[in-house]
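Line order of the protein sequences matches chains A and B.
Numbering follows our numbering, with no gaps: position 85 of the first sequence is 88.
Numbering follows our numbering, with no gaps: position 15 of the second sequence is 18.
It is worth saying that the hints were derived from the structure and are not from the lab.
Hints should not be assumed to be uniformly reliable.
Straight line, CA to CA, 35 Å or less: simulated DSBU-like cross-link-like pairs of lysine-lysine [unchecked claim]:
hint	chain 1	residue 1	chain 2	residue 2
1	B	Lys82	A	Lys5
2	B	Lys95	B	Lys5
3	B	Lys110	B	Lys78
4	A	Lys48	B	Lys27
5	B	Lys82	A	Lys110
6	B	Lys48	B	Lys110
7	A	Lys95	B	Lys48
8	B	Lys5	A	Lys48
9	A	Lys95	A	Lys48
10	B	Lys5	A	Lys27
11	A	Lys95	B	Lys78
12	A	Lys78	B	Lys82
13	B	Lys82	A	Lys95
14	B	Lys78	A	Lys5
15	A	Lys27	A	Lys48
Below, a sample of chain B positions facing chain A; criterion: calculated Cβ distance under 7 Å [as the list claims (entries may be wrong)]:
hint	residue
16	Pro77
17	Arg81
18	Thr84
19	Ser86
20	Leu87
21	Val97
22	Ala100
23	Trp104
24	Leu109
25	Val112
To list a few chain B residues with every Cβ distance to chain A over 12 Å, as calculated [what the hints assert, rightly or not]:
hint	residue
26	Asp26
27	Thr55
28	Leu58
29	Arg73
Computed from a prediction, not measured in an experiment: that's the story for all the values here.
Glycine is no exception: its CB is placed at the ideal position from the N, C-alpha and C atoms.
2 protein chains.
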Amino acid sequence: MKVNVQDQRSCCPVATSLDIVGDKWTLLVIRDLLVGKQRFDEFLKSPEGIATNILSQRLRWLVENGLAQRTPDPKDGRKVTYSLTEQGEGLKIVLKAMADWGMNSLKNVQIHPDYASSVSAK
Amino acid sequence: MKVNVQDQRSCCPVATSLDIVGDKWTLLVIRDLLVGKQRFDEFLKSPEGIATNILSQRLRWLVENGLAQRTPDPKDGRKVTYSLTEQGEGLKIVLKAMADWGMNSLKNVQIHPDYASSVSAK
């Protein structure tokens with residue numbers, strides 16, 4: 004099932020994708036989900052230091068747009084976990100391209116151990 | 004030559020790339036440069052309707068960060084043209100991944116004739 008995009012200004016696939024994921028923090032949360040992070044406090048600990056209100060907003064956005072799902076934590080029913088849907092998983096190619104470009108074109112880049120296995124893998 | 008990144012919060016290649024190009028309008032201007040648009044008024048005519056002040060700021064940002072170059076227009080010395088540097092051209096893989104994801108995962112997506120030959124090509 005494809006994600007429904009409302010009120011877009013353009014039908015270009017790049018522009019339409021950017022209407023959904025054209026934001027740094029959204030893509031960093033997707034990166035974390037791709038490496039298996041599931042809980043709010045795990046996202047908060049990522050090296051970029053996302054603020055709690057931005058994290059809440061971006062997680063809600065991903066769920067509302069069908070890229071992530073929110074489920075009760077099996078270890079603690081009062082908490083929730085997040086995971087990517089099939090559509091969200093599809094963004095791995097975008098994050099991989101971003102990582103490859105950064106490694107090839109920018110100085111002072113290195114892979115954090117949390118992300119070595121997934122985002123940077125061929 | 005690699006682009007120098009200052010004041011980054013993280014050394015992750017995804018996060019570092021997003022510090023430079025983690026913005027919708029920046030990536031849309033890069034998309035336009037990738038298909039050969041060169042002049043301010045050509046970028047303004049793109050279907051997303053970028054505002055002049057945002058376009059000016061994003062072009063300046065791309066030049067300052069070594070992703071684009073600004074040269075006098077050979078047809079009219081009072082005007083300038085923009086083109087991607089080698090580092091900027093490298094972003095084609097990111098835009099291609101965005102387009103592929105949009106085509107596969109989002110509804111109501113179609114390729115504008117301006118972009119059919121480049122961004123969506125294999």
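Quick rundown of the hints versus the structure:
no.: 1; hint: B:Lys82 - A:Lys5; in the structure: violated, 44 Å
no.: 2; hint: B:Lys95 - B:Lys5; in the structure: holds, 16 Å
no.: 3; hint: B:Lys110 - B:Lys78; in the structure: violated, 42 Å
no.: 4; hint: A:Lys48 - B:Lys27; in the structure: holds, 26 Å
no.: 5; hint: B:Lys82 - A:Lys110; in the structure: holds, 32 Å
no.: 6; hint: B:Lys48 - B:Lys110; in the structure: holds, 24 Å
no.: 7; hint: A:Lys95 - B:Lys48; in the structure: holds, 31 Å
no.: 8; hint: B:Lys5 - A:Lys48; in the structure: holds, 29 Å
no.: 9; hint: A:Lys95 - A:Lys48; in the structure: holds, 21 Å
no.: 10; hint: B:Lys5 - A:Lys27; in the structure: holds, 21 Å
no.: 11; hint: A:Lys95 - B:Lys78; in the structure: violated, 43 Å
no.: 12; hint: A:Lys78 - B:Lys82; in the structure: violated, 63 Å
no.: 13; hint: B:Lys82 - A:Lys95; in the structure: violated, 40 Å
no.: 14; hint: B:Lys78 - A:Lys5; in the structure: violated, 46 Å
no.: 15; hint: A:Lys27 - A:Lys48; in the structure: holds, 17 Å
no.: 16; hint: Pro77; in the structure: violated, 28 Å
no.: 17; hint: Arg81; in the structure: violated, 31 Å
no.: 18; hint: Thr84; in the structure: violated, 22 Å
no.: 19; hint: Ser86; in the structure: violated, 16 Å
no.: 20; hint: Leu87; in the structure: violated, 11 Å
no.: 21; hint: Val97; in the structure: holds, 4 Å
no.: 22; hint: Ala100; in the structure: holds, 4 Å
no.: 23; hint: Trp104; in the structure: holds, 5 Å
no.: 24; hint: Leu109; in the structure: holds, 5 Å
no.: 25; hint: Val112; in the structure: holds, 5 Å
no.: 26; hint: Asp26; in the structure: violated, 7 Å
no.: 27; hint: Thr55; in the structure: holds, 16 Å
no.: 28; hint: Leu58; in the structure: holds, 15 Å
no.: 29; hint: Arg73; in the structure: holds, 19 Å
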